[in-house]
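Whole structure, please, built from the sequences with the hints as guidance.
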Amino acid sequence: MNTEIIYEIQSGPYWDWRVALDLFLGGAGVGALLFAVLLDERFKGKYQRICRTAAWLAPLLVGSGLLLVMLKMGRPFHLFLAYTNFNPASPLWWGGVFQPLMLVGAFVYAMKWRGDHAQDAGRTWLGRLLVPLAVIVGAYHGMLLSVIVARPLWNTGPTVVAAMLGFASTGIAVVMLVHLIRMKLAGRLADEGHVAHFLDDMLVVRNILVAVLLLQLGTFFLWWLSLKFGALQDQQALAVANEISGPMFWWLGIGVGLILPLVLGAIAVWLGEAAHRRLQVGVIGLTCSLILLGGFFFRLAVLLGGQEDLPVNITF
Amino acid sequence: MAKKQYSMVIDLHACVGCAACDIACKRENNVPADFAWSNHIIQTEGTFPNVKYRHIPTMCNHCSNAPCVANCPTTAMHKTEDGLTMLDADKCIGCRACQLACPYGVIYFNEHEPHQDTPADKAPVIPGCTATLEEVRAKTGVPLPYYNPARAETIPGVRPKGVAEKCTMCDHRLAKGDMPACVEACPAGARIFGDMNDPQSDPRKALDKHAPSVLRPEKGTRPNVLYIREF
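So the sequences go chain by chain: A and B. Under the working numbering, the very last position in the first sequence is 316; numbers go up by exactly one each time. Under the working numbering, the very last position in the second sequence is 231; numbers go up by exactly one each time.
Worth flagging that the hints you see were computed from the coordinates, not collected in a lab. Incorrect hints may appear among the rest.
Here are the computed lysine-lysine pairs in the DSSO-like style, where the Cα-Cα straight-line distance is at most 27 Å [unchecked claim]:
{"hint": "1", "chain 1": "B", "residue 1": "Lys122", "chain 2": "B", "residue 2": "Lys139"}
{"hint": "2", "chain 1": "B", "residue 1": "Lys3", "chain 2": "B", "residue 2": "Lys176"}
{"hint": "3", "chain 1": "A", "residue 1": "Lys72", "chain 2": "B", "residue 2": "Lys161"}
{"hint": "4", "chain 1": "B", "residue 1": "Lys91", "chain 2": "B", "residue 2": "Lys79"}
{"hint": "5", "chain 1": "B", "residue 1": "Lys26", "chain 2": "B", "residue 2": "Lys139"}
{"hint": "6", "chain 1": "B", "residue 1": "Lys91", "chain 2": "A", "residue 2": "Lys72"}
Here it is as structure tokens:
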């Protein structure tokens with residue numbers, strides 16, 4: 001039976017690439033901070049240079065994300081109202097309150113990494129204090145979309161898990177990539193001994209990253225399953241999102257951001273770890289770049305795809 | 001005594017689809033031309049001669065479990081004692097979370113300065129005959145020729161750029177004991193408004209006679225705009 005429905009409303013997207021970039025940068029910043037604290041705590045100064053890179057990246061990334069999302073707001077300078085009007089039911093309230101606090105804390109933490117102190121009790125304690133704050137900000141970024149019941153594409157459990165895993169993978173990837181660039185700029189990549197030491201350090205990071213990427217892949221599969229075989233509105237949301245941003249999600253988000261890095265990682269392992277150091281450094285750089293590229297496009301695809309108007313179901 | 005719960009019952013059998021409600025709302029609330037606080041869904045189904053036509057008036061449902069309220073980071077969107085869902089423009093940061101959260105598409109956002117679609121200030125519509133907007137403004141002291149100053153009694157008369165806006169159930173009229181403009185304008189008496197917690201109110205009496213339904217019940221928003229006699 002032919003059915004035509006006319007319902008003219010203010011169409012989206014209500015949130016654009018700036019919000020996607022905030023989710024990406026904020027998430028990576030949270031991941032970088034947690035990575036710095038974890039490495040410092042667990043390995044007691046062994047990865048000092050990487051920790052320093054991570055510690056400095058955290059406030060830069062979170063701050064850039066916050067700035068971008070404020071540019072998207074109609075009245076960004078009213079954001080302080082979140083401090084005087086409590087609405088814990090809103091993830092945006094949590095973000096508005098805790099993201100600036102984390103930004104300040106992360107900046108102080110980064111400042112404490114100045115100089116050449118392998119161990120600093122004050123820094124370690126500050127790092128520990130920042131962990132719950134970072135988790136709150138991470139959860140805010142993860143739950144921002146998933147709590148919106150009106151958007152079936154976002155309103156699922158795997159959305160939160162995928163976002164949280166995304167923080168870990170992009171956080172680690174951005175730290176490693178920037179660290180490699182710092183090594184290159186400092187001329188340390190020409191030093192065989194230094195590179196060997198770096199690659200040795202990277203083994204534990206690589207294992208974490210591979211685990212996170214595999215978990216992410218599994219979560220995406222669960223997400224797809226829950227929508228594909230879910231209620232009518234879930235299926236419609238998936239179909240509409242596929243139409244709008246399907247290629248971006250599947251090719252860039254999954255293909256470039258997850259599968260290709262896993263394949264590259266496997267090739268690097270297969271090539272051997274001692275004989276091809278220069279190649280391995282290249283593979284690490286490329287892999288991290290791909291994870292970051294995929295991480296952004298996955299968020300953009302989900303953000304745009306989830307806002308598309310669904311067919312109006314006049315269900316009484 | 002229980003608090004008030006203002007509600008609207010729309011009798012779809014009585015509604016003739018004239019859209020007088022939409023026009024009255026625009027005029028009463030100084031709503032920009034491209035927004036529709038009072039709106040409608042038109043559905044046509046089937047092939048001639050077996051066709052079905054439905055005209056379903058829509059507006060903010062003033063949900064009891066309003067997702068726009070839950071998602072607002074500054075409590076700009078809030079519930080009142082009377083059960084209305086209201087937006088405090090002073091608190092709105094323009095994040096558009098309410099718009100995304102609303103399953104009914106009834107919240108609008110002033111991305112640009114409102115009322116941009118009015119004719120150019122300098123040129124009259126009919127040269128030598130009609131006044132320019134600038135002249136009207138100077139003469140009347142209001143921002144728009146069709147401006148209703150009464151709207152400014154409870155919220156900004158024209159909502160500024162950067163904030164959201166939506167149906168208020170004409171709270172400024174309710175404060176004076178009047179009916180919402182859409183109810184008053186409806187020539188068919190299809191809009192029945194009142195306090196749902198009062199057993200003697202018109203909407204309660206209507207619901208005693210007819211089983212109500214709401215839009216998108218699966219969303220769990222508990223709308224306070226209810227439809228009866230759907231056909």
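Hint-by-hint comparison with the structure:
As the CA atoms of Lys122 (chain B) and Lys139 (chain B) are separated by approximately 15 Å, the hinted pair is consistent with the 27 Å bound. Among the hinted pairs, Lys3 (chain B) with Lys176 (chain B) is consistent with the structure: their alpha-carbon atoms are about 18 Å apart, no more than 27 Å. Among the hinted pairs, Lys72 (chain A) with Lys161 (chain B) is consistent with the structure: their alpha-carbon atoms are about 13 Å apart, no more than 27 Å. With a CA separation close to 14 Å, the supplied pair Lys91 (chain B) and Lys79 (chain B) stays within the 27 Å bound.
The hinted pair formed by Lys26 (chain B) and Lys139 (chain B) meets the criterion: a straight-line CA distance of about 23 Å does not exceed 27 Å. Taking the CA atoms of Lys91 (chain B) and Lys72 (chain A), the gap is about 17 Å. The hint holds against a cut of 27 Å.
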